[in-house]
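Chemist: Using the sequences and the accompanying hints, generate a full structural model.
Protein chains in written order, with my numbering: chain A, 1 to 276; chain B, 1 to 276.
All clues stand as given, with none of them false.
The following label-pair restraints were derived from C-beta to C-beta distances:
1. 19/A with 56/B: 37 to 43 Å
2. 116/A with 72/B: 40 to 46 Å
3. 108/A with 46/B: 39 to 45 Å
Just a sample of chain B residues kept apart from chain A, beta carbon distances all over 10 Å, derived:
4. 53
5. 63
6. 80
Mimicking SDA-like on lysine to any residue, the simulated pairs with C-alpha atoms at most 25 Å apart in a straight line are:
7. 57/A with 107/B
8. 20/B with 15/A
9. 201/A with 253/A
10. 16/A with 137/B
11. 57/B with 108/A
12. 20/A with 18/B
13. 5/B with 19/B
14. 253/A with 98/B
15. 266/B with 27/B
16. 155/B with 96/A
17. 191/B with 173/B
No lab work stands behind these hints, which were simulated from the structure alone.
Positions of the beta carbon are idealized from the N, C-alpha and C atoms, including for glycine.
There are 2 protein chains.
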Amino acid sequence: MQTVKTINEMRILRGKTAGKVGFIPTMGYLHEGHISLVEQAKKENDSVVVSIFVNPKQFGPNEDFTRYPRDEQNDIELLEKAGVDILFLPTVDEIYPEGFETYVTVENTSQVLEGAKRPGHFRGVATVVTKLFNIIQPDNTYFGQKDAQQVAVMKRMIADLQFPITLHIGETLRESNGLAKSSRNVYLSEKDRTEAAVLFKSLQLAQEKFQKGEKDSAKIKNEMEKLIRMTSGKIDYISIADPETLQELDFIKKNALVSLAVYFGKTRLIDNSILH
Amino acid sequence: MQTVKTINEMRILRGKTAGKVGFIPTMGYLHEGHISLVEQAKKENDSVVVSIFVNPKQFGPNEDFTRYPRDEQNDIELLEKAGVDILFLPTVDEIYPEGFETYVTVENTSQVLEGAKRPGHFRGVATVVTKLFNIIQPDNTYFGQKDAQQVAVMKRMIADLQFPITLHIGETLRESNGLAKSSRNVYLSEKDRTEAAVLFKSLQLAQEKFQKGEKDSAKIKNEMEKLIRMTSGKIDYISIADPETLQELDFIKKNALVSLAVYFGKTRLIDNSILH
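Modeler: Encoded structure:
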């Protein structure tokens, strides 16, 4: 694996890379979810590029940018072992030099759910991914379904701005108790980690209710809420929405994205599932 | 010259085009200014692509989108004669299909001068050019210095979003009386056209004053204003600003962009010059 830190070096390496290129943008502190995206990319491309960049522009002023977990050495070992060809590891100044002032905004899809709770978050994501796409020029890119709204925003951005790139979605990997794998799980106490299994349990409950014929979103959300209230988790939102536009659905016709955000202590966890 | 109307056809043609590609985005109703950009591109590339697209998103609600001059047949003849390889001629629905909602914004550089007078204009320009760059994937792109702020916004956008594209600037071509060539000159009456020569004369006056040692922007602008007031032109703005950031300069240190917008009847004309 070759590790490069500057845009120029990355461009030079890219210029020497023939065949299909798969690209996975990450913020590091990698877990099996990221590695499963690498494995998928390995199968579908001649070369795989991973970036690690904790992007300040996607964190709000009161969010966890400075304390976001980092472990570069372990990340490098994991990526090396997974057979990644190029690791792009830029500094903040390399990506956002003095005078930077251009942003990419996906309007409606960004404004609900996580976007409503985290203003500017998806503008930060769309902007940095546009830059990374233009630097790395991949044929395929890989995102995890765990961040369902990020997937919807990326789909919209790639289509709207005509990036010549195919988006692939990797399914959410889970701990044995159902907790979705996430870099932020490191913040959880042992007790939180056990209790946080309720996010997945509530999604399973939603699936069950729906499969038994319940189409009324309010009723499903109510059942989920009751279950979560049996733990110390504080609900930020529970949503049942159109999977593409993310607009809330009062009644479920065909399929729907159930998503939720729940606090355990100061740690905000998200999870989701498609009802079908 | 091959003419294509859909993004898919354009992508297929691009895939078959080897060597350096030069690209000139236009809104059609072409004049010698556009053709001089084509000639420059011919010298520096293996193939030249021109797009003609009157972009609704860069016109305000009270601007001239519907009456903007169009002459597709004449444009095609001019481009054919100039040796253009590919003409991309998409419809509005092809570029902005139902559900489109992703925009590129260059913040500060867009907010002054034309951007202050025409809110949303440069967001429209930046968005459509991003799309065209991603569809056509040129090595070089060509813009006219006549739209000085557009040049500054494009420079900033290309740098900030890391497009692997080099921007080239073509100098302003002029009528024999000094009036800058522009598609919008067709709106002018014979009298307006004669009087509108005052824009260039006022820029020449600014240059003279500056070369004689005048560094006080207010004094130079005042002289320009006096000259323009001798005609029926109504001044929208006169600016002396930093050529890169476009921030107004009270005193000129090294160089400066003098730019102005003046109405003749309902027609708004712009012009500019670099003081050096």
